[in-house]
Amino acid sequence: MTIPFILNGEDVVAQCSVDKRLVDILRDTFKLTGTRADCRNGVCGACSVIFNGRLVPSCLIPAFKVKDGEVITIEGFKQTIEYQDIIMGFNQSGTQPCQFCETSIILTIEALLSHNLRPEPQDIVAAFVDIQCRCLDPNQLLDIIKTISEIRQKRLYGRSA
Amino acid sequence: MEDPHNIPHNQVFRPYNLSELFSFWNRFPDAVLFAGGTDLLRGQTKRLFTFPKTFISLDKVEELKKISRTERYLEIGAAICLSDILRLGKIVPEGMVAIINSIGNLRLRNLASIGGTILSTHRYSDLHAILIAQDATYELKSASNARWISASKFVTSGTELLQEEQALISRIRIPISSWSYVFHKKIGLLNRDDPDGGTFLLLCNTEKNLIMDLRMIFVGSKIIRFKDLETNLLGQTVPIGEKSMESLLVNCSDLVASEMAENKYLQNSILRSITVALSGI
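Heads up: the protein sequence lines correspond to chains A and B, in order.
Letter by letter, the first sequence follows residues 0 to 160 of numbering that gives the first Met the number 0.
Letter by letter, the second sequence follows residues 0 to 280 of numbering that gives the first Met the number 0.
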């Protein structure tokens, strides 16, 4: 099957069977290895991508669904100014997400803040309920996201809360 | 002739409206409907998906993606994903928000459709609790017919009806109502597939310290609606007295034990939830 779609802002075409997973298309065809195939069950978050504006597990997206869609992987997201806010927040807190969980953590933060620039702690806990990164203290994560939110608000509105 | 390379030859149809959908479906009556795909694809961990021979993707069918609201009802197209329902804001019943937030995770809720969740094959979806308790109805649409069926009737005979009539759920209609007290408890693993889990829900309206309306339901591997308790509590004053509470719990305990004879964990969890819920009214 020929699958034209937009990948990280560029028009691309993949040739594969309809039953291939998006995560494997990204890794095998486009060599975008930031998206990882771990549980292959939509649970761990390592395969997170932004598909048609939503954060989804790419391990559960079959090839035919990708046709004429738009996919942003972590590599594409790293080119955006929104990513700079997130990295600045981590730098200010003196931590970095581990390389394995980086994709899921960063894209989940973006998904959270793009819908609510001032998420409550319970919203953050709910968003990260299935991401079990052992490298990051959950309490520290709350502070980091608060910092990122302030940075973004300052950039967008010239002020923080 | 056998394919020596064992390459799957699946057919995927992506109709743009219901008329096209039923036309395809009439030609290929064994085709499987595919919305978010979470129910069909979860549990498949091999590199390639195992697909039905023919399936119809619902992601582009316009009629299944509409949301409308009247004074009395909220109507949601069956292909709307769970996250989009949460984004509707305050018009979504409080109990529904709590239950949707306990289903899967943020990523899965961006994929799973409400129609697919209702038809989940793993066990009765937690969503049934709020839909039954709030007297929701589902529109079953076939090529030649459309009818509405209550959520409570659907769990007993809906799947057979869909197969007999070659129909699908096109809309879910939820009465808009507010409740003075909502209690929701997820039992079992949070945000995970748990065949031994479920959800307990209590909705209550009180006026001048009298219970005017009460709905209580557990949904898991079975659905338990506590109709006797609902009837007994109507008109009772709140808070519920100790003696009344004891007698209610004994009745509930008998019902739960008869329904969940093999599962002590669920029995205890449900009874605990009932105690906490009733104490909070």
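Hints in this document: simulated from the structure, not taken from any laboratory.
Because the structure is a prediction, the values reported are computed rather than measured.
Hints are supplied without guarantee of correctness; some may be wrong.
What the hints assert, rightly or not - In the DSBU-like style, the derived pairs of lysine-lysine whose C-alpha atoms are separated by at most 30 Å in a straight line are:
hint, chain 1, residue 1, chain 2, residue 2
1, A, K66, B, K52
2, B, K65, B, K152
3, B, K64, A, K66
Please verify whether B:K64 and A:K66 have alpha carbons no more than 30 Å apart. 19 Å, holds
Given the hint that A:K66 pairs with B:K52, test it: the Cα-Cα distance must not exceed 30 Å. 19 Å, holds
Hinted pair B:K65 and B:K152, Cα distance within 30 Å: 24 Å, holds
Checked against the numbered hints above, the structure breaks none of them.
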